[in-house]
Amino acid sequence: EPEVTQTPSHQVTQMGQEVILRCVPISNHLYFYWYRQILGQKVEFLVSFYNNEISEKSEIFDDQFSVERPDGSNFTLKIRSTKLEDSAMYFCASQGQAGRQYFGPGTRLTVT
Amino acid sequence: SQELEQSPQSLIVQEGKNLTINCTSSKTLYGLYWYKQKYGEGLIFLMMLQKGGEEKSHEKITAKLDEKKQQSSLHITASQPSHAGIYLCGASYAGNNRKLIWGLGTSLAVNP
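Going down the list, the protein sequences come from chains A and B. Residue numbers for the first sequence follow my numbering, so the first one is 1 and each next one is one higher. Residue numbers for the second sequence follow my numbering, so the first one is 1 and each next one is one higher.
Check before you lean on any hint, since a few could be wrong.
What the hints assert, rightly or not - Cβ-Cβ distance ranges computed for the label pairs, FRET-style:
| id | chain 1 | residue 1 | chain 2 | residue 2 | range |
| --- | --- | --- | --- | --- | --- |
| 1 | A | S73 | B | E15 | 36 to 46 Å |
| 2 | B | E59 | A | Q17 | 42 to 52 Å |
| 3 | B | E55 | A | E18 | 46 to 56 Å |
As the list claims (entries may be wrong) - Here are the simulated DSS-like pairs of lysine-lysine, each with C-alpha atoms no more than 27 Å apart in a straight line:
| id | chain 1 | residue 1 | chain 2 | residue 2 |
| --- | --- | --- | --- | --- |
| 4 | B | K27 | A | K57 |
| 5 | B | K56 | A | K42 |
| 6 | B | K36 | A | K42 |
| 7 | B | K38 | A | K83 |
| 8 | B | K17 | B | K60 |
| 9 | A | K42 | B | K27 |
| 10 | A | K42 | B | K64 |
| 11 | B | K36 | A | K57 |
In case anyone wonders, no lab produced these hints; they're calculated from the structure. C-beta atoms are modelled at their ideal positions from N, C-alpha and C, and glycine is treated no differently.
My request is simple: use the sequences and hints to build the entire structure.
Structure below.
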């Protein structure tokens, strides 16, 4: 089965630092997503990305967040100035023209 | 707003027993996903349902989507300790290639 990969698996950072979470979607997919899950809570949608631009974003996805697909393969989520409440598992997903969203294994972000 | 309600929130069963988990939407959904998760870990895809009345099975797990596409049930036959975990439903509403909205999850424990 095709796989979405994410790096790192675990990131520890200090409050106020910038972090970049990386995802390699499935190669022929066109739609990309970031979700997050605070431990013990629901999975929450952050942003969707298509044709090199954001197609939808949630209220959580404020100015401290950004996404890009710099080289046609990686899909990154940047958090400019991390807060304690950004600690969560971040999931990347990709989707082809039809069918399911494939999820990566997640990056656990811990902000201290 | 779209919301998914899962019931029950938690479930403890004896090994070998059957069980059902429900996911109910306040609006007609486009597609419904079932995932399994160990606490604090990644999402394991189980099934995706898109057509009203659709039913899919994988090993001892069967998922159904009702005709109105507002409720899905996940049924496990002859439960085993390996079935223990958190079962999440996620739904898309506006067509394919759209964000998923998630339920809070059902925590399942299977006692040997």
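Going through the hints against the structure:
1. A:S73 / B:E15: 36 to 46 Å: holds, 45 Å
2. B:E59 / A:Q17: 42 to 52 Å: holds, 44 Å
3. B:E55 / A:E18: 46 to 56 Å: The hinted range 46 to 56 Å holds for E55 (chain B) and E18 (chain A), with Cβ atoms some 47 Å apart.
4. B:K27 / A:K57: holds, 21 Å
5. B:K56 / A:K42: Roughly 25 Å between the alpha carbons, so the hint for K56 (chain B) and K42 (chain A) holds.
6. B:K36 / A:K42: holds, 13 Å
7. B:K38 / A:K83: Status holds; Cα separation ~26 Å.
8. B:K17 / B:K60: OK: K17 (chain B) and K60 (chain B) at ~12 Å, within 27 Å.
9. A:K42 / B:K27: holds, 19 Å
10. A:K42 / B:K64: Satisfied, since the Cα-Cα distance of roughly 22 Å is no more than 27 Å.
11. B:K36 / A:K57: holds, 25 Å
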